[in-house]
Amino acid sequence: MSSLKYRLFKNKLLTLSVVIFSALTAVPLVLIIGKVFLKGWRQINWDFFTKTTPTTLDALLAINNNQPIPGGIANGIVGTLMMVLVASVIAIPLGVMCGIYLSENRKTKFSTVVRFLTDLLQGTPSIILGIIAYLWVVIPLKGYSALAGSVALAIMMLPLIVRSTEETMNLLPASLKEAGLALGSPYRSVVLKVLLPSAFGGVFTGILLAVSRVIGETAPLMLTALGATTIQWDITKPASAVSLLIWEFYNDPNLQSMIWSASLFLLLLVLSLNILAKQLAKKWRI
Amino acid sequence: MSDKIFRSLLLVSALILLLIFAGMFFSLSKGAVPAFREFGFFGFIFSDKWISGTGQSTEQYGALAFIAGTLMTSILALLICLPFSLPVAFFVGEYFRGKKVAGVLGGIVDLLAGIPSIVYGLWGFYALRPLIQSLGLSEQGFGVLTSSLVLAIMIIPYAASLSAEFIRMVPQELKEGAYSLGATRAEVIRNIIFPTSFSGIFSAYVLALGRAIGETMAVTMLIGNTSRIPRGLMDTGNTMASIIANQFGEADGLKLSSLIAIGLLLFLITAIVNFLGRLMIKRHSV
Numbered sequence: 004m005s006s007l008k009y010r011l012f013k014n015k016l017l018t019l020s021v022v023i024f025s026a027l028t029a030v031p032l033v034l035i036i037g038k039v040f041l042k043g044w045r046q047i048n049w050d051f052f053t054k055t056t057p058t059t060l061d062a063l064l065a066i067n068n069n070q071p072i073p074g075g076i077a078n079g080i081v082g083t084l085m086m087v088l089v090a091s092v093i094a095i096p097l098g099v100m101c102g103i104y105l106s107e108n109r110k111t112k113f114s115t116v117v118r119f120l121t122d123l124l125q126g127t128p129s130i131i132l133g134i135i136a137y138l139w140v141v142i143p144l145k146g147y148s149a150l151a152g153s154v155a156l157a158i159m160m161l162p163l164i165v166r167s168t169e170e171t172m173n174l175l176p177a178s179l180k181e182a183g184l185a186l187g188s189p190y191r192s193v194v195l196k197v198l199l200p201s202a203f204g205g206v207f208t209g210i211l212l213a214v215s216r217v218i219g220e221t222a223p224l225m226l227t228a229l230g231a232t233t234i235q236w237d238i239t240k241p242a243s244a245v246s247l248l249i250w251e252f253y254n255d256p257n258l259q260s261m262i263w264s265a266s267l268f269l270l271l272l273v274l275s276l277n278i279l280a281k282q283l284a285k286k287w288r289i
Numbered sequence: 386m387s388d389k390i391f392r393s394l395l396l397v398s399a400l401i402l403l404l405i406f407a408g409m410f411f412s413l414s415k416g417a418v419p420a421f422r423e424f425g426f427f428g429f430i431f432s433d434k435w436i437s438g439t440g441q442s443t444e445q446y447g448a449l450a451f452i453a454g455t456l457m458t459s460i461l462a463l464l465i466c467l468p469f470s471l472p473v474a475f476f477v478g479e480y481f482r483g484k485k486v487a488g489v490l491g492g493i494v495d496l497l498a499g500i501p502s503i504v505y506g507l508w509g510f511y512a513l514r515p516l517i518q519s520l521g522l523s524e525q526g527f528g529v530l531t532s533s534l535v536l537a538i539m540i541i542p543y544a545a546s547l548s549a550e551f552i553r554m555v556p557q558e559l560k561e562g563a564y565s566l567g568a569t570r571a572e573v574i575r576n577i578i579f580p581t582s583f584s585g586i587f588s589a590y591v592l593a594l595g596r597a598i599g600e601t602m603a604v605t606m607l608i609g610n611t612s613r614i615p616r617g618l619m620d621t622g623n624t625m626a627s628i629i630a631n632q633f634g635e636a637d638g639l640k641l642s643s644l645i646a647i648g649l650l651l652f653l654i655t656a657i658v659n660f661l662g663r664l665m666i667k668r669h670s671v
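Respectively, the protein sequence lines represent chains U and X.
Here the first sequence stands for residues 4 to 289, where the numbers follow our numbering.
Here the second sequence stands for residues 386 to 671, where the numbers follow our numbering.
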């Protein structure tokens, strides 16, 4: 056994290095948010939210005249919101029902298999879901569309919603369900009017987290929604998204200065949804 | 009667999830058939040639270069993330467990998981790449190392938060027993906490590896996009996800099928990695 002094020194050293390396981990977040904020806030104004993206030529003319680039990302905002909305319409009912099923039939072999597949689906790379939506929606409809993007996002959202619903329902006391059934209410009213409202907080935060996870997705949309330069309300037509616009700006030398404002918008949107979901989760804990 | 309908609706929603997973496997396999038929299953996997010729005769596709790129970037990312995520896990799960500062650090690290992949890519391109260039590590700043650095930051939250949970689960009596024998905290961590939670921590890193393997946008923007096996850490390359993101849009015929085949391989690899990770968690918690 080494001397006490040496052992205490080793102890201090470990504590110190844990604290230092932990603190270092917070640095990238500050650097990333700082960079995006510093470079992006200047471009953000009213036009940025209401106008569609400028063409390369317009941007080039503005740069040559030393003017700010005209236009904004309205087409992307509309596209993102629309695709996430359609994805939610598909994923929420399906995911919540599947979560209820898993929670109501906990021990069966079938549930175990479905639960495991849900976990695997959650680990599936988003680009794969892009290929799937391409094969399932783009090819049959013979063209890129917002709907295909929504399908990819919906499959991404599903596992999160399923597992958060199931986990929240599992936490509900059995007496709640028994009391409802003892009063003679049918099974479906007990589930829909007693269990689900009691679990609402957990289910809702799960949905918010799922939305915040897919709202910044780019890869699957590249293969499905493709992008558009105008505001597109038809879900069977190609649509743009904020993340897709960032990718386009990145690839177009004349539009570089819009990268950061679009990124700032996306970052704020995702992070505030994320924080909101976690605050609600704390508040609504069962 | 309507209870029966309700119950079967729940069952159907669980079945749909099963079908989605099975359908994904089926569609990817079906799309990959032409490529496998042309080059052979193993011939495709073990060929590092990726030549998109103009005529049918010169076209040649294989996945080896991208499998190599994926393994290199993700394993290197895992190694880089280790000295940061492990201290965070001990900081949150042991040293400052339950204290406010642990909550703050945990929240910050969780936010890292919320940043969209494309924003990581931009940051890597505009902030990290010039740094690598100025250090003289590589001329263009693209490559395996640059991608791995960004990937490492991206997977820290996944590795850290799950590891912290397993560290927290170590029974208090075990630790108190060691303390009562005069052990320092470093010795308790080394001899009690680490061995007890090792399989759990290991599984957390397996799942983090799964994340790194499938990550698309950030890698696509940083790896340099050359279709050959990277010859070193400074060399450029392509991962399975990034080649799909790069070339899926303009691909058709045999090339499209080859890209789908790569998608199938990626799907299988991440599914196996996630399967192993989840299995280990299950074993650990029993």
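Because the hints were derived from the structure by calculation, they are not lab data.
As the structure is a computational prediction, the values presented were derived from the model and not from experiment.
In this text, a Cβ means the ideal position worked out from N, Cα and C, and glycines have one as well.
Be aware that one or more of the hints could be misleading.
Computed spacing ranges between beta-carbons, pair by pair [to be verified]:
1) U/237 to X/553: 49 to 55 Å
2) X/482 to U/53: 46 to 52 Å
3) U/96 to X/489: 34 to 40 Å
4) U/68 to X/467: 38 to 44 Å
5) U/285 to X/587: 27 to 33 Å
Hint-by-hint comparison with the structure:
1. U/237 to X/553: 49 to 55 Å: Since the Cβ atoms of residue 237 of chain U and residue 553 of chain X sit about 50 Å apart, the hinted range of 49 to 55 Å holds.
2. X/482 to U/53: 46 to 52 Å: At roughly 49 Å between Cβ atoms, residue 53 of chain U and residue 482 of chain X fall inside 46 to 52 Å, so the hint holds.
3. U/96 to X/489: 34 to 40 Å: 37 Å, holds
4. U/68 to X/467: 38 to 44 Å: 52 Å, violated
5. U/285 to X/587: 27 to 33 Å: 30 Å, holds
Hint 4 alone, counting from the list given before, is not met by this structure.
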